[in-house]
Structure formats: C-alpha cells, structure tokens
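My request is simple: use the sequences and hints to build the entire structure.
In case it helps, this note's numbering puts the sequence shown at residues 317 to 917.
Hints are supplied without guarantee of correctness; some may be wrong.
[Unchecked claim] Listed next, the in silico BS3-like pairs over lysine-lysine satisfying Cα-Cα at most 25 Å (straight line):
hint: 1; residue 1: Lys582; residue 2: Lys637
hint: 2; residue 1: Lys564; residue 2: Lys388
hint: 3; residue 1: Lys611; residue 2: Lys692
hint: 4; residue 1: Lys635; residue 2: Lys611
hint: 5; residue 1: Lys724; residue 2: Lys820
hint: 6; residue 1: Lys564; residue 2: Lys541
hint: 7; residue 1: Lys724; residue 2: Lys744
Because the hints were derived from the structure by calculation, they are not lab data.
Quick caveat, the model's predicted, so the values are computed rather than measured.
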Amino acid sequence: MSTIDHIRNFAIIAHIDHGKSTIADRIIHKCGGLTDREMKEQVLDSMDIERERGITIKAQTVKLNYKSKDGKEYILNIIDTPGHVDFSYEVSRSLYACEGSILIVDSSQGVEAQTLANVYQALDTNHEIVPVLNKIDLPASDVEKTKKQIEDVIGIDTEKAVSCSGKTGEGIEEILEKIVSTLPPPKGSQNKTLKCLLVDSWYDSYLGVVILIRVIDGKISKNMKIKMMSTNQQYIVEKVGIFTPKPKDVQELNSGEIGFIITGIKNLSETKVGDTICDSIKPLKNALPGFKPSKPVVFCGLFPVDSSDYQKLKDGLAKLKLNDSSFAYDTESSSALGLGFRCGFLGLLHLEIITQRLEREFDLNLLTTTPGVVYKVHLNNGNIINLHNPSSLPDPTYINLIEEPWIKATIITPDQYLGSIIKLCQDKRGVQTNLTYSGARAVLNYELPLNEVVFDFYDRLKSMTSGYGSFDYEIADHREGDLVKLGILVNNEPVDALSMMIHKDFAQSQGRMVCEKLKDLIPRHNFMIPIQAAIGGKIIARETIKGFKKDVLTKIHGGGAADRKRKLLEKQKKGKARSKQFGRVEIPQKAFIGVLKINKE
317 MSTIDHIRNF AIIAHIDHGK STIADRIIHK CGGLTDREMK EQVLDSMDIE
367 RERGITIKAQ TVKLNYKSKD GKEYILNIID TPGHVDFSYE VSRSLYACEG
417 SILIVDSSQG VEAQTLANVY QALDTNHEIV PVLNKIDLPA SDVEKTKKQI
467 EDVIGIDTEK AVSCSGKTGE GIEEILEKIV STLPPPKGSQ NKTLKCLLVD
517 SWYDSYLGVV ILIRVIDGKI SKNMKIKMMS TNQQYIVEKV GIFTPKPKDV
567 QELNSGEIGF IITGIKNLSE TKVGDTICDS IKPLKNALPG FKPSKPVVFC
617 GLFPVDSSDY QKLKDGLAKL KLNDSSFAYD TESSSALGLG FRCGFLGLLH
667 LEIITQRLER EFDLNLLTTT PGVVYKVHLN NGNIINLHNP SSLPDPTYIN
717 LIEEPWIKAT IITPDQYLGS IIKLCQDKRG VQTNLTYSGA RAVLNYELPL
767 NEVVFDFYDR LKSMTSGYGS FDYEIADHRE GDLVKLGILV NNEPVDALSM
817 MIHKDFAQSQ GRMVCEKLKD LIPRHNFMIP IQAAIGGKII ARETIKGFKK
867 DVLTKIHGGG AADRKRKLLE KQKKGKARSK QFGRVEIPQK AFIGVLKINK
917 E
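Following this line, the structure appears as structure tokens:
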C-alpha cells in the first residue's frame with residue numbers, strides 16, 4: 317500500500333520556543349513510532365546542546381504510519397525544523413522536500429518575527445499551510461486574539477485552525493486528521509526515471525556519509541548505480557533506509573518518499589546539499605533548481621589558550637565541519653595570540669554553539685576575538701578584496717571605498733516599547749522602511765548595517781522589551797560606508813587581535829572605552845605603559861598605566877645624602893627607560909575577554 321496518494325510530506329515551522337519539537341514528540345507517540353519506554357522529551361533533538369538549550373539546530377526527519385478515522389492508512393514524513401534566525405537555511409532546505417507545512421503559533425505569545433519569515437518561505441515554496449495554535453493549557457492563552465493576528469499579519473485563513481497543547485496532548489488527533497485531509501499528496505511518477513533531491517548529508521563514524529534524500533520520480537533501490545549531477549560522480553547504493561525515528565533498512569524508496577542512502581562516500585564535500593541524484597544508466601538532462609548555498613556572515617578568530625592544543629582544535633574543527641556545511645574556517649596567526657583559525661558563522665548563536673561544542677566535545681579552552689563581518693574593499697586599481705580580518709586591511713592610500721553588508725530586519729514589539737526600539741535602530745545607523753500595526757503590536761521594518769547588529773542588538777532588543785520583542789533578518793546587499801580601522805597599541809606595539817572595523821562617527825567613543833577597559837585589566841609593570849587607540853597614524857584616545865614605584869631612598873641618611881639620592885634616582889630612571897624599551901607587556905586573557913564584553917554592553 318505505498319500508493320503516492322497516501323503519502324503526506326510536511327515540515328513543522330514556527331518561531332523559536334513555540335513548541336515544534338514537543339508537538340513532533342506527540343505525533344510520533346500517537347502514531348506509535350516509539351514505545352512509551354523509548355519516548356523521551358524532544359526525541360528529534362539528538363545533540364546535547366539542543367536538549368540543554370531547548371532549541372533545534374539540525375532539521376530531523378521521521379517516517380510514520382497513521383490510520384485515519386475513516387480507516388485509511390497513510391504514510392507521514394515529518395521534518396522538524398529549527399526556529400532560530402541563524403538556522404533559517406535548514407528550514408528552507410526542509411521546505412523544498414515537502415508539499416505542506418504545519419505552522420505552530422504559541423497562543424499566549426502570538427505571531428512573532430520568525431513566524432513571519434518561515435511562513436513566507438513556505439508560501440514561496442507553494443506550500444499548503446495548516447495553522448496550529450499551541451499551548452492552550454496556559455492561563456495566558458488567547459486563541460481568538462491569536463487567530464485574528466494570524467489573519468491580520470500573515471493573511472492566512474484561520475477558520476480551520478487547530479487548537480492543541482503539546483504538553484497535555486490535547487488536539488493532536490485533530491492535527492493528524494487535518495494533515496491527511498488538507499495537505500496535498502506528492503506529485504511524481506513511479507514509472508519515470510529516477511530523480512532525487514539531496515536534502516542533507518552528515519558524517520557517521522561507522523557508516524561514512526549518510527545522505528538524506530527526497531525521491532521525486534522513479535525509485536531508488538539497493539545496489540543501484542547512481543550519479544550526482546553537480547559533480548558527475550557515480551556511486552553504488554549500499555544501503556537504503558528510513559527513520560522511524562530509529563534508522564531502519566528498507567529495500568527501496570519510491571517516488572514521494574523521504575529516506576536515506578549510504579554509498580560508501582567518505583568525504584562530505586562530495587555531497588552538495590540541493591544536488592540532483594539520477595540513475596547513471598539513464599541520466600537526466602536537467603537538474604532540479606536546488607537551493608542557494610548558505611554563506612557565513614559573521615567571522616571571528618578562534619585561538620587555543622594553551623598553544624599546544626592547536627592540533628586538537630584543528631581536528632575538532634574538521635570534525636564539526638563534517639556535519640555543518642554552513643561553517644567555514646581557515647588558518648590564521650596573530651602576534652598576540654599565536655596560531656589559530658579564522659572561522660565563519662551564520663550568526664552569533666551559531667558562533668556560540670560551535671565554540672561550546674569545541675570546548676565540550678574536544679575538551680578545549682578557547683579564546684574568541686571580536687566578531688566581525690565581511691567587507692568589500694574597492695582598491696584604486698579596480699580590484700575588489702573581501703576583508704574578513706581587520707588587521708589585514710591594505711594601506712588607506714590604496715583604498716577607493718569600503719562596502720559593508722546591510723540587512724532587512726523585521727521587528728515585532730508591543731506598542732509601549734516602540735519609541736525605545738526606534739531609538740536603538742537609529743543609534744545603529746538604521747533606516748526605517750515600514751511600520752504597521754496588528755492590534756497592540758507594532759511590526760517594524762528596518763534596514764541596518766550587519767556590523768551594528770552582530771554584537772548586542774538582539775540582547776538589547778530583548779531586554780528593552782522585557783522579552784516580548786522578536787527579531788528576524790535577511791541579508792540585503794553591500795553598501796558604501798564611512799568605515800575606518802580602529803587599532804589598539806599597548807606600549808607602542810599594535811595588538812592585532814583587538815583591531816576592529818568601525819564607523820567613523822563611533823570610532824572615538826569606542827577607542828576611549830577600549831583604552832579605559834584595558835587600563836583596568838592589564839596588570840602594572842615596573843615601567844609606565846601607554847595604551848592608545850589609533851586610526852591610521854592618528855591617536856584618538858590614550859590611557860596610561862603607572863609603573864610601580866620602588867623606594868630606593870629609604871636607606872640613605874647622613875652627610876652628602878642629597879647628592880647620593882639624586883644619583884640613585886637617575887639610575888632608577890635609566891633602568892625604567894631600559895625595561896620600557898625591552899620589556900614585553902603580557903596582555904592577560906581576561907583583558908581580551910573584557911574588551912569583547914564592551915561590545916556586548
């Protein structure tokens with residue numbers, strides 16, 4: 317009974333924390349995917365960090381059998397997607413593999429920014445959408461108000477919306493009935509030649525590379541010879557399987573189904589996400605459109621605190637890269653911090669999760685430099701270079717202009733916080749493009765430079781709105797900016813790890829803050845240490861750490877004392893000048909961390 321009409325492929329989409337993984341748990345339990353004993357919370361969140369933080373990072377799939385009230389049997393393929401803006405590329409991939417989406421909205425919180433972003437992605441992929449109002453067991457739940465918001469802000473009809481509670485399990489049966497009655501079956505034909513979409517791939521230490529596929533036409537079976545269209549490489553399928561959520565081997569996958577194959581590939585770079593897989597004997601002429609590759613937008617340096625851990629860090633990064641194609645890294649060396657890596661991430665949460673996984677899974681103690689974005693530097697000779705690290709900026713005389721990335725941001729906030737949010741966006745050089753209302757909540761659209769958003773924007777937005785504001789963004793384009801490189805000198809030596817790109821208007825205040833912070837954090841030496849902030853050759857801020865004063869005069873008394881005192885002081889002065897010239901100022905790790913914290917404050 318695997319006729320294509322009885323298959324339903326759908327993604328679960330929502331804003332972060334609206335209950336996607338919990339509802340996925342309930343559906344798996346209801347359809348008997350796992351027994352009561354095997355069931356645990358957030359069954360699809362397999363990483364420790366996902367469980368601990370209560371967030372989904374990787375999209376996960378499950379195949380379930382469901383018998384509807386009218387006695388028909390259906391096959392349900394669920395993809396549980398992440399809600400956080402940093403992982404929206406995971407969502408877009410998942411949507412391509414499905415025909416419909418369940419949109420979950422927290423009935424106590426209402427529509428939030430990421431809800432909007434994910435719904436628009438689903439509508440762009442021509443999805444049929446089933447609205448589900450979750451958390452109706454909470455006292456603050458207001459189903460009618462939330463329905464009105466969905467209609468006003470998103471424009472989806474909520475007449476057939478299902479109310480449910482992922483916690484108590486109420487309404488789960490209705491969701492399943494709605495899925496089989498409302499969502500369309502996959503289009504595709506069993507009799508055509510094989511056409512598959514490569515949805516995701518990851519590395520398993522026992523099996524090699526596991527490839528998640530969605531079969532569009534034809535069927536894929538064991539021992540079949542297949543071809544990847546982007547690389548023209550051919551492979552033999554060694555294993556075909558599905559997740560129930562446990563991996564289970566099957567003989568073949570037919571059109572409309574989602575499952576995994578293993579072909580003995582050992583290197584993840586051979587499997588490009590979004591690629592088309594076809595039969596090598598009857599190859600296809602045209603590939604599927606695929607999806608845009610994800611590009612890292614935030615860069616920072618990762619250095620081991622103990623330089624002997626360099627190799628360990630290198631191995632750790634290589635292993636994480638196997639299962640995260642959106643993360644990029646390159647070697648880098650710094651005079652202050654030694655050998656390390658320049659890493660690219662999709663956002664600050666992504667950065668935080670990678671560093672946390674490195675520290676936890678590979679037992680490393682790491683130092684991260686100031687996060688920054690990629691600038692396009694146009695030189696006078698017409699060349700354009702991508703600048704990842706401020707310390708490698710060419711001499712200003714060679715530069716024609718510098719462009720920085722801008723984003724389109726959507727902010728949804730209760731009305732009373734609107735004034736302070738507009739001020740925050742203006743302080744960050746933002747340009748307002750739209751302001752609409754949905755009940756007592758304002759929907760703000762802004763264009764902002766990514767550099768200003770990277771550090772602390774989300775944290776400040778959350779604290780200003782007591783946690784009720786939500787924020788989502790997408791990269792818009794690169795625009796010319798009046799940017800300068802702010803360098804920090806300690807004892808007249810530049811510290812490359814602390815240099816940063818910054819808008820000219822903010823350079824002076826930022827330079828002063830960094831100097832003041834370093835003055836408190838660098839320990840005193842026997843000699844005086846100047847700390848300076850500079851743009852090019854111009855010093856714009858300075859602080860001085862006074863040297864220790866050793867009293868060399870206590871023992872002197874009696875005749876000719878004044879002369880002897882003067883000679884001793886002269887000698888001490890010369891000694892200090894010498895040690896200032898040759899003495900190295902060791903900058904402690906807490907000083908680097910302190911400067912990073914400024915940016916967050």
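Check: Any hints this thing doesn't respect? Which numbers, in order?
Finding: Of the numbered hints, all hold.
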